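Going down the list, the protein sequences come from chains A and B.
So for the first sequence, our numbering puts the first residue at 81; every next one is plus one.
So for the second sequence, our numbering puts the first residue at 81; every next one is plus one.
Treat the hints with caution; some may be incorrect.
Remember, identical chains collapse to one label, so a pair may be satisfied in a single copy or spanning two.
[Stated by the list, open to error] Quick list of in silico lysine-lysine cross-link-like pairs, PhoX-like style, CA-CA up to 25 Å:
| no. | residue 1 | residue 2 |
| --- | --- | --- |
| 1 | K304 | K236 |
| 2 | K300 | K289 |
| 3 | K137 | K114 |
| 4 | K86 | K114 |
| 5 | K236 | K300 |
| 6 | K181 | K86 |
| 7 | K114 | K300 |
Calculated from the structure, these hints are not laboratory results.
Please read these numbers as outputs of a predicted model, since none were measured by experiment.
There are 2 protein chains.
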Amino acid sequence: MTREPKVLLKKLGLQFNDVALFSVALTHRSAGEKNNERLEFLGDAVLGFVIADVLWKQFPKASEGDLSRLRASLVNQTTLAEIARELHLGDYLIMGSGELKSGGFRRDSILSDAVESIMGAILTDQGFTGCRAWVLSIFSERLSQLSTENWQKDPKTRLQEHLQARQLELPVYQLLAESGQPHVKHFTIECRVCLIEEPVTGAGTSRKKAEQEAAEQMLKRISKSTGMQL
Amino acid sequence: MTREPKVLLKKLGLQFNDVALFSVALTHRSAGEKNNERLEFLGDAVLGFVIADVLWKQFPKASEGDLSRLRASLVNQTTLAEIARELHLGDYLIMGSGELKSGGFRRDSILSDAVESIMGAILTDQGFTGCRAWVLSIFSERLSQLSTENWQKDPKTRLQEHLQARQLELPVYQLLAESGQPHVKHFTIECRVCLIEEPVTGAGTSRKKAEQEAAEQMLKRISKSTGMQL
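In isolation and in its complexed conformation, chain A is listed as follows (with noise of 0.2 Å):
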C-alpha cells in the first residue's frame, strides 16, 4: 500500500512550495503519463554535477581519470537504489497495478530512477542551492569514505565491476601463449567480453601481470568506443 508523499517529505525534512511535483516525482512511468521521467532526466544531470564538483574540491591531486572512476563509484544504479531504501523510498512510490504486483518497489532501477526524479523536483522547487545541500546531505557519508583505494582500483577490478553494473557477462581470460625459463617466464593472455567483438591481449612476467595488462586494454577499448571513462 502507498504511503501519503507528504509523509515522506516531512521524514526527509524537506518543505515543497509544490507538492504536486514531489508526487511526480514518485510516480513510476506504469501509472500513467504524468509520471517521473522528465524530473529523472534534470536529477541524473544536477547529481552529476554536484559530485563532480565536490569530488574536484576534496581530492585536489586526483587526475581526470580518478575523479571519473570516483564519481562512476558514488553516482551509479546499484548506490542511488541502497540510497532509496535507507530512505524507504519503495513504500511511497506511485506505480500502475503490473509493477506494484509484480514487485517493482524493490526494483534497483525503479528506486534509483525515483532519488533522481526527487532532486530534479528539489531543484524545481527550490533552487540549485538547496538541490546541493540534499544530494551532500545523502551522500555526506559515502564522501567521508571515499579514499585512494577506490579510485585505484586494479584493472581487472574495474573491468568486472564495469559489466557488472551493466549486468553483462564476465570477462573470459585465457593464455595463450607461456615462454621462458623458470626463473623468466612470459606469459600471452586474451582477454574477452561480450561488449567488444575482438578481443585484446596483455603480456607479462606472470599470468596475473597478463591478465592485468589485457583488462587494462579492454577498457581502453570499451572507453574508446562508448566515450566513457573508464
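Since the structure of chain A is already known, use the hints to place chain B on it.
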C-alpha cells in the same frame, strides 16, 4: 605562435580573479603536468547540467529520451570544437612542441576539451551563476535554433550519427528474407555494427521500414550495453 591568455579574456568579455587559473584552462597535457585535464572534468559536468536544465524548461513537453537527444546534439565534440573555432581558441592554446608542430590547435578533441576547461575555470573562479551565464551566452544561438526536428530524427539517422561521432564504421543492413504477395510484402533486415557482437533484425512491410526497425533495436542494444540514452 601562442597569444597571451589576457588578450583572450578580454575578447571573451571575462574578468578573472585568478588569471593563472585561466591559463591552466588553455594548457594541453602535452605542455606539462599543470594542464587542463582536471578543469575539463569539472567543465564537462557543469556544461551537461546547465544544458539539461535549460532544455528541461525550454521543451516542457519533450520526453526524457527527447531531452537526452537534444542535449547530445548540443554537447558533443564536434559542436564544442565549432564553438572553439568561433572564439579563435586555437590561437591561445598552450601546447608541447610536438602537438604544436602536428597542428594540435586544429584538432577537434583538443579544442573541445579547452572549451570545457574554460567552463571549469569560470566555475572555480566565479561560481555557478557566472559560469552558467557564460555557457548560455556561447550556446544562445544554437539553443534558439533547436526545434522538434533535432530530436525527432529517425532511428537510422540516429544510429549513423552515434557511430560517426565515435569515428566508428557505419552500420551494415542486409536483407535476410522477403516474402508475401506484391501488395502485402514482408521484409526482414539484419543490422550489424562493430560495437555489438550479435546482429539484430527488424521486420516491416517495406525494406525501408524494416531497416528503421532494425536500427531502433540496435540503438536499444547499444543503450543497454553502454548506459547511454540513444
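How do K300 and K289 come out at 25 Å by Cα distance, when the copy is not named: within, between, both, or neither? This pair counts as within: shortest intra-copy Cα distance 17 Å, inter-copy 36 Å.
How would you classify K86 and K114 at a CA-CA limit of 25 Å: within, between, both, or neither? within (18 Å within a copy, 50 Å between copies)
How do K236 and K300 come out at 25 Å by Cα distance, when the copy is not named: within, between, both, or neither? within (12 Å within a copy, 27 Å between copies)
Should K304 paired with K236 be assigned to within, between, both, or neither, using CA atoms and 25 Å as the limit? Both ways: K304 and K236 sit 18 Å apart in one copy and 22 Å across, limit 25 Å.
What label fits K114 with K300 when the C-alpha limit is 25 Å: within, between, both, or neither? between (40 Å within a copy, 23 Å between copies)
At most 25 Å between CA atoms: does that hold for K137 and K114 within a copy, between copies, both, or neither? between (38 Å within a copy, 16 Å between copies)
Please work out whether the CA atoms of K181 and K86 approach to 25 Å or closer within one copy, between two copies, in both situations, or in neither? Classified as within: same-chain Cα gap 24 Å, cross-chain 63 Å, threshold 25 Å.
Hint violations for this structure: none, all hints satisfied.
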